[in-house]
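Sequence lines, in order, name chains A and B.
Those letters in the first sequence? Residues 1 to 520, per the numbering used here, in order.
Those letters in the second sequence? Residues 1 to 530, per the numbering used here, in order.
Simulated from the structure, these hints should not be mistaken for laboratory data.
Ideal placement from N, C-alpha and C gives every residue a C-beta, glycine not left out.
Warning: the hint list may mix true and false statements.
Stated by the list, open to error - Keeping only pairs whose Cα atoms sit at most 25 angstroms apart, straight-line, the calculated DSS-like set for lysine-lysine is: (1) K164(A) / K237(B); (2) K237(B) / K336(B); (3) K25(A) / K414(B).
To be verified - Facing chain B, from chain A, some residues (calculated, C-beta under 10 angstroms): (4) D67; (5) F72; (6) A74; (7) V167; (8) L171; (9) F175; (10) G177; (11) G197; (12) I452; (13) A468; (14) V471; (15) G474; (16) F475.
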Amino acid sequence: MSFPWLTVMLAVPVIVALALAFAPKSISATTVKQIALGTSLVVLVLGIVMAIRFDNNGGMQFTETHDWIKTFGAHYALGVDGLGLSLVLLTLILTPVVILASWNDGDEGRWGPKGFFAWILALEGLAVGVFAATDVFLFYIFFEATLIPIYFLVGGYGGPNRAKAAVKFLLYNLFGGLVMLAAVIALYVESAKATSGPSYLLSDLSHLHVGTDVGRWMFLGFMVAFVVKAPLFPLHTWLADTCEEATPGTSVLLVSVLDKIGSFGMVRFCLVLFPEASRWATPAVVVLAVISIIYGALMAIGSDNIPRLIAYTSVSHFGFIVLGIFVLNSQGLSGANLYMFNHGLSTAALFLIGGFLISRKGTASISRMGGIEKVAPVLAGLFLVSGLATLSLPGLSPFISEFLVIVGAFVYSPWAAAFAVTGIVLAALYILVMYQRMMTGPGPEEIASSPISDLNVREIVSVVPVIALIVLLGFFPKPLLDMLNPGVQHSLVQVGAHDPTPTVPLSGPLSGGTGEGGSK
Amino acid sequence: MTHFTAPHIEYSQLAPVLIVLAVATLGVLVEAFVPRAQRYLVQVSLAVVGSIAALGDTFWVFDKLNPGHGTVHPGQVVAEGALAIDGPTLFCWILVLGFAVMGVLLFAERRLEGGVTAFAGQASALPGTDAERIASTQGMEHTEVFPLLMFAVSGMMIFPAANDLITVFVALEVLSLPLYLLCGLARRRRLLSQEAAMKYFMLGAFSSGFFVYGLALVYGYAGSLGYAQIAAAVAGKTGSHGLLLIGMGMLAVGMFFKIGAAPFQAWVPDVYQGAPTAVTAFMAAGTKVAGFGALFRLFYVAFGGARTDWLPVAWAVAILTMVVGSVLALAQTDVKRLLAYSSIAHTGFILTAFLGARSLADIGPGNIQPVQALLFYLTTYGLTNIAAFAIVTLVRDSSGEATSFTAWTGLGRKSPLVAGAFSFLLLGLAGIPLTSGFIGKWAVFASAMSAGAWPVVVIAVLGSAAAAFFYARIIVLMFFHDPVADGPSVVLPSILTSGVITVCVAGTVVLGLVPGPLLDLLGRVAVFIR
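Start from the sequences, fold in the hints, and give me the full structure.
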């Protein structure tokens, strides 16, 4: 039997988290932090080794399949394709970053640093499980289980209204999850009609033939959960409230990692299990996505609170991702897959650096800042880079993905693309205006009286890897695209969509050197 | 008629029930002959040993009858057709006896009240009189609670096994009467407790009236009280259909009352709140097992042929119960009342399994069956609920258990272990994955969905979301708020209560992670003998 990579990456953080939770009180805060950081780094190394061994054209890999609950047809089945691996890697990269960046954020909270870092590690393990599950039942279990760490991270370690924000978060997501539960159960009923008995394995279910009506209802059940998760208009309202109260580290894990479950789920489950329903729902989903793009951007422009603003930019960006998925062509889907990874990086950098600033100023209000770049040039500079990544400046990684999505949208319908493009203009507005108001100019009176310090070494070390990846993937996205594209073709075959007319060579001439990316 | 044929009784199959009845009777004798000082010890050991012996014997019977091993008759109808000893019956017995052991241990807890049990020192003394004060200063105890518990257990064992309407009615009364009494025996807040007992008794008697009336009508329709004969009559469509409908309706009222289904749920909050918490814990778990076991057998075996007549009513009752339980729970400010409303909501959830009724031919191999889902849910619900009520007994101030939400505020800071365990149990009741509650919910919903009751399932998942809100509220209260000044504290219980809590929490964890073996077993035994 081969080495169970995914199980190890799932289990190690969870076990360490449990050990931390039950560790004696005498254990010092620094030790806790070091253990947490060490664990996340070890798991990251494992993840990198796994990524090196990954064969881009090998389909589902590192698979493990064991019967779990025979009566339900549920299996303990893990495995990753390119998309799954990219999101697992994103999780593994961002966890040590968050731990290092949030080094002191757990000290004040309800259960001290022990609880804080235990929940973060637990979340890491469960997130790996979500992205690696190849059994719908197992996916659902992880999907719901990830809510618990975030619930306690928000409720225990946030701003003054954290308890309310935590409950709002939980209720929205639980509601979505429970609607999906109805669909998951219906899936069991359909699969139990097959002669081989019930099975929740994706590989079995993708051959399942369901009736048109039943398939559409189940599609809707899954979709509601995913639309809540990757917040699309009109089910997005929990995100801004949660991010406003959560610590920056929690927000990163929530928006950059967990919200991806929504867009990931659409690709992995909605398209593959319900192809007919996906094609049927495309117009409605595209409209929702475009509304999200514009609405999120407008709300971001109107926000005076840094985390709220970033949260609304994410609503806009998830609009792009979902648009890319549901235009059902290779450019759009490949752009969306790439976007999931890139959005995770740029948003993480923005949240963390914004968080550093907020903790220095003691306020998250943009109007009460100003002139920061004079006193803290490093902070301002890094913030600008991550802001520019968020507005998809060419040369930074989100640009390529956003471009691909818009190409895909244009192929689908020029109107959708036309509306989506306004999102880019608005993005420039909300990022640059925010930068201008916060960082430049003389600033309010109190700036002079209470100057703030620039980033310290720990803070720089924590965000520089993320920024470096953004720049690197901005110039050279080929490894990631190569990893993702076979999966894109597979999904499109499953959903029965065909690229119309001769395909535009994917991103080739534009980003410099991704020649074979989309031509497979 | 010159000679009398003695009835043929299969004593060996009935031994578990007989053991429990014998222990209960012995307990009465102990009250008469054993000196007061030794009664507690004797009664407790008698009840524990008796329940465990009955449990062991049940396993032996199970092994001998071997239900669910491909035999044509999975079980045996015994005692001249009065009782059916089959897979569901035996599993209900195992559950009831297991819960009985836990109930005895919780009843026997003495450390929490400072050396006496949680039951009234002298039940006959009026509240607030000198007689009551004397009884309590002398440290008097009612050790009769143990035989009463055992009588209730015997009723709970016969109820799901009963195979004719007379037996089922007798069992209903045998299980109810001791419970009415036990509810009124609280040491603290006696008026509340006595009010609960009175309400329970009055409404219970009223619902029994309905049941008997229904019994008479069904006899008029079928000409027999045996389930098999009724089933034959229903299949043959003899008699007047109207008579059957009214009879079934009346019987259903009696059953729905016992399990606390809306619109017959009004007694549940008051009784659960007023009864001594140990009694609530046992009653909530045990009555549900017995009641649902009997309900399923009656309607699947006797009235299975009239499915299309009673299923719409069952749909309505299930929906109403879930909605009433979940919505009214939102307004509660007392932990015990909240758990009571949650128990109503759970009755609704279990009833969704009831809607899975369809002919055996429609259930494909390896598919989830209604009775299988029911028995699994009853196991998980019983374990989680007993532990939750047991934890309620630990949070106390000078006037006894403190059950108001204000008292529980900030408990997570004062006692992280107890608050953590309680939160986990609440997550289990809410049906969050990785707890047994989730698997249970999945099973009952899948059962309903398989029979096409998807509207009910959709309402059920929305009800689960509402339920999650009120469970989460307590977690928020315990963990995200600071404790009130001079609030209650968590009293360290003896090994009896802490042992029960540990076992139940472990059960909730294990059945959430590896439910496979139990589900497989239930898949084999969940067939009623007809």
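Hint-by-hint comparison with the structure:
no.	hint	in the structure
1	K164(A) / K237(B)	violated, 59 angstroms
2	K237(B) / K336(B)	violated, 47 angstroms
3	K25(A) / K414(B)	holds, 15 angstroms
4	D67	holds, 8 angstroms
5	F72	holds, 7 angstroms
6	A74	holds, 9 angstroms
7	V167	holds, 6 angstroms
8	L171	holds, 6 angstroms
9	F175	holds, 5 angstroms
10	G177	holds, 9 angstroms
11	G197	holds, 4 angstroms
12	I452	violated, 31 angstroms
13	A468	violated, 37 angstroms
14	V471	violated, 39 angstroms
15	G474	violated, 39 angstroms
16	F475	violated, 42 angstroms
Hint violations for this structure: numbers 1, 2, 12, 13, 14, 15, 16, all remaining hints satisfied.
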